[in-house]
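There are 2 protein chains.
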Amino acid sequence: MFYETHWRSIIKAVSWRIMGTVATALLVFIFTRKLALSLWVGALEFTSKIGLYWLHERVWDRLRFGKKEVRPAVIWFTGLSGAGKSTIADKVYRALQERGLRVERLDGDSVRDIFPATGFTRPERDQHVRRIGFLASKLEQNGVTVVASFVSPYEESRQFVRGLCGRFVEVHVATPLAECEKRDVKGLYAKARRGEITNFTGIDDPYEEPTRPELRLDTAALSLDESTLRVLQYLDKQVLRVS
Amino acid sequence: MFYETHWRSIIKAVSWRIMGTVATALLVFIFTRKLALSLWVGALEFTSKIGLYWLHERVWDRLRFGKKEVRPAVIWFTGLSGAGKSTIADKVYRALQERGLRVERLDGDSVRDIFPATGFTRPERDQHVRRIGFLASKLEQNGVTVVASFVSPYEESRQFVRGLCGRFVEVHVATPLAECEKRDVKGLYAKARRGEITNFTGIDDPYEEPTRPELRLDTAALSLDESTLRVLQYLDKQVLRVS
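Those protein sequence lines, which keep their order, are chains A and F.
Each residue of the first sequence is one higher than the one before, counting from 1 in UniProt numbering.
Each residue of the second sequence is one higher than the one before, counting from 1 in UniProt numbering.
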């Protein structure tokens, strides 16, 4: 709940008063051609109306009528490890933040840092994604736009999340497996190939491609900046319009 | 992010203009004693300033200065099954909602309905409470006050949640076990005694009492309305003050 401080109302009253009084004095002068009279009316108006204006502001701050909120959404990035999800999501997040939007960032790695006990078996991953989806939907219901990036490899889990959310934008960061493995930023593909880690998506656990994502980004063909722009353009056109 | 609709600005301008023009016309009349002149100045002022005022409103809507938000908090009800947590929490939630606060309600039963796979062993309960705490903290960080009611029997899990939140208000609904078992609203104590359900708090799983809760409610001595009032009074004094 936002409310306006008394300082805001006072300074707004002064700001308006300067505009208003100049206009009044000018009008009186045009009609009467008496400079002294115009200035007197102006001076009296200035002092009396500044108080009235302040009062008017305080009453209006209590009225909800016509105060609208930008409708939030859940922007969900899915894709293989190393596909570029987090990087693009970070850029989208900052761009939305700069517009003054209330926005939250949820990332697979950082959430797992807080919950180290979360496993990688199918039921564990499924529950994990569902719970994050529930969190995202609760934020959305409370006016917060969510930028989430999770491997989220199972179609069923993502559909569950879609069902919870009001406006769900599924962004498939569709970097091919070969490209992700070539990059191997965190060295995880090598470990998975050596069998040092198991249940690794793309190697010994499936990635179920989204059947109808709102957006599909081929980062082998698009740069990170181009990908970010695609997402923002989509959001501007389809999702975050201010009516 | 809130923004003001054009309608709000226009109607506010009219509302102010009626006050302002009456004041101006009166001032001109007091100085000149000419009724016709006063009405003419008033009429011209009315038409010219309504546009100026509207413009002024649109510019101010862009300025963040002096727009403050009520600081949110996480109000966490803990206690045995049947202690009265949900009922008191519901009443607190509605009271805060009526004040126009942005507030979310999280309840053990309804969250478990969405996540039926959540178990009742110590690690499962611990993880469950931690995850709910994470959700609550994310809502709080985004300006939402959270009213949560969970058995949350382990001190360690609750301390973890406290650590995540900015302003954590732990409310121990301290109804004695004997009283809860006597009520047995959902018939769960009987089932637990018969061994039909296991890991039931108070019977075959411990309830670790909060060591230093912000509030302790003895619902054996206090009615539900009195308990609710205690919580609201505490929040008004310690937590939700608007500076």
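One thing to keep in mind: the hints can contain errors.
Quick partial rundown of chain A residues pointing at chain F, CB under 7 Å, derived from the structure [what the hints assert, rightly or not]: (1) R8; (2) E104; (3) R105.
Distance condition first, Cα-Cα at most 35 Å in a straight line; then the derived DSBU-like pairs of lysine-lysine [unchecked claim]: (4) A:K68 / F:K34; (5) F:K67 / A:K91; (6) A:K34 / F:K34.
From chain A, some residues computed to sit far from chain F (all C-beta separations above 12 Å) [as the list claims (entries may be wrong)]: (7) A117; (8) F120; (9) N142; (10) L215; (11) L222; (12) D225.
Quick caveat, the hints were computed from the structure, so don't treat them as lab data.
Since we're looking at a predicted model, the values are computed, not measured.
Backbone N, C-alpha and C define an ideal beta-carbon position, used for all residues, glycine too.
Here is what the structure says about each hint:
1. R8: Where the cut-off is 7 Å and the nearest Cβ of chain F is about 2 Å from R8 of chain A, the hint holds.
2. E104: Holds, about 6 Å.
3. R105: violated, 10 Å
4. A:K68 / F:K34: violated, 45 Å
5. F:K67 / A:K91: Status holds; Cα separation ~27 Å.
6. A:K34 / F:K34: Holds - the C-alpha atoms of K34 of chain F and K34 of chain A are around 15 Å apart, at most 35 Å.
7. A117: The assertion about A117 of chain A is violated, with a minimum of 6 Å to chain F.
8. F120: Per Cβ check, F120 of chain A is outside 12 Å of chain F; nearest 15 Å; holds.
9. N142: violated, 5 Å
10. L215: holds, 23 Å
11. L222: holds, 29 Å
12. D225: holds, 25 Å
In this structure, the earlier hints numbered 3, 4, 7, 9 are contradicted, and the remaining ones agree with it.
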